[in-house]
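**Q** Chain residues, written in single-letter form:
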Amino acid sequence: SQQGEEDPQALSIQEGENATMNCSYKTSINNLQWYRQNSGRGLVHLILIRSNEREKHSGRLRVTLDTSKKSSSLLITASRAADTASYFCATDPSSGSARQLTFGSGTQLTVLP
Amino acid sequence: DGGITQSPKYLFRKEGQNVTLSCEQNLNHDAMYWYRQDPGQGLRLIYYSQIVNDFQKGDIAEGYSVSREKKESFPLTVTSAQKNPTAFYLCASSIDRGTGELFFGEGSRLTVL
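So the sequences go chain by chain: A and B.
Adding 42 to a residue's 1-based position in the first sequence gives its number in the working numbering.
Reminder that position 1 of the second sequence reads as -8 in the working numbering, one-by-one numbering, no gaps.
FYI, nobody ran anything at the bench for these hints, they're computed from the structure.
Predicted model, so just to flag it, every value in this text is computed and none were measured.
Heads up, the beta-carbon is just placed ideally off N, CA and C, and yes, glycines get one too.
One thing to keep in mind: the hints can contain errors.
[Unchecked claim] Not everything, but these chain B residues come out facing chain A in the computed CB check (under 10 Å):
# : residue
1 : R4
2 : G7
3 : V10
4 : K62
5 : P66
[Said to hold, decoys possible] Anything over 12 Å on all C-beta distances counts as not near chain A; from chain B, calculated:
# : residue
6 : Q(-3)
7 : E60
8 : S71
9 : L81
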């Protein structure tokens, strides 16, 4: 079952603009992670935010987490054509006998030069 | 370089044939995973292994089998019982039981003719 759901499904912006993607989930979590996937390639880990954190930065990435709303957002500032990829959120549930990451269906980001 | 190697990158199978996808890691990670990705969708967990000689079914294990005889290797067999095997298969590993960062291979694309 897919707990995380990204919004929007697709996003197209001009180079230099900011890109914001959202992730909603259903159950309590220990952490939430964002991954990037270039077309036809494997996923690459971008950032992990724990349930007791509200915001985290890594280079041009800013992630926020609102556990009361069960949602997270990923902001990419000053986007570049090379940021074109699919972005997935993955949640680590805090309960259940088999705690494994659950991935959403992703946001396809296209950055136009 | 440390990482995860999947092979082959592309594989074609006739209906009724079993095929085995290779996954090798030199990261000294305990946990390894197999995911399936269909076009425009997120990742679904097939099998995972947290330690040598032990593995657990994920959400969509039917028609698949795995083994974990060595820490470095976690091959996936797609059997003839898998009714819709055409997909992109991703192997991943993590330091421990998988609530932290996952490291992914480059994927294997299986097409049934």
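**Q** Look at each hint and say if it fits the structure.
**A** Hints, verified against the model:
1. Using the Cβ-Cβ criterion of 10 Å, the hint placing B/R4 at the interface with chain A is not satisfied: the shortest such distance is roughly 19 Å.
2. Restraint check, B/G7 versus chain A: the minimum CB separation of about 27 Å is more than 10 Å; hint violated.
3. Annotation: interface hint on B/V10 violated; nearest CB of chain A at approximately 19 Å, more than 10 Å.
4. Interface hint at B/K62: violated, since its Cβ lies 19 Å from the closest Cβ of chain A, which is beyond the 10 Å cut-off.
5. Taking 10 Å as the C-beta contact cut-off toward chain A, the hint placing B/P66 at the interface is violated, the least distance being around 17 Å.
6. Listed as outside the interface, B/Q(-3) is inconsistent with that label: its C-beta sits roughly 8 Å from the nearest C-beta of chain A, within the 12 Å cut-off.
7. Remark: the non-interface label on B/E60 is consistent with the geometry, its nearest Cβ contact in chain A lying 22 Å away (cut-off 12 Å).
8. No Cβ of chain A comes within 12 Å of the Cβ of B/S71; the nearest lies about 26 Å off, and the non-interface call holds.
9. Once the 12 Å rule is applied to beta carbons, B/L81 is inconsistent with being away from chain A; the minimum gap is 6 Å.
When the structure is compared with the earlier hints, violations turn up for hints 1, 2, 3, 4, 5, 6 and 9 and for no others.
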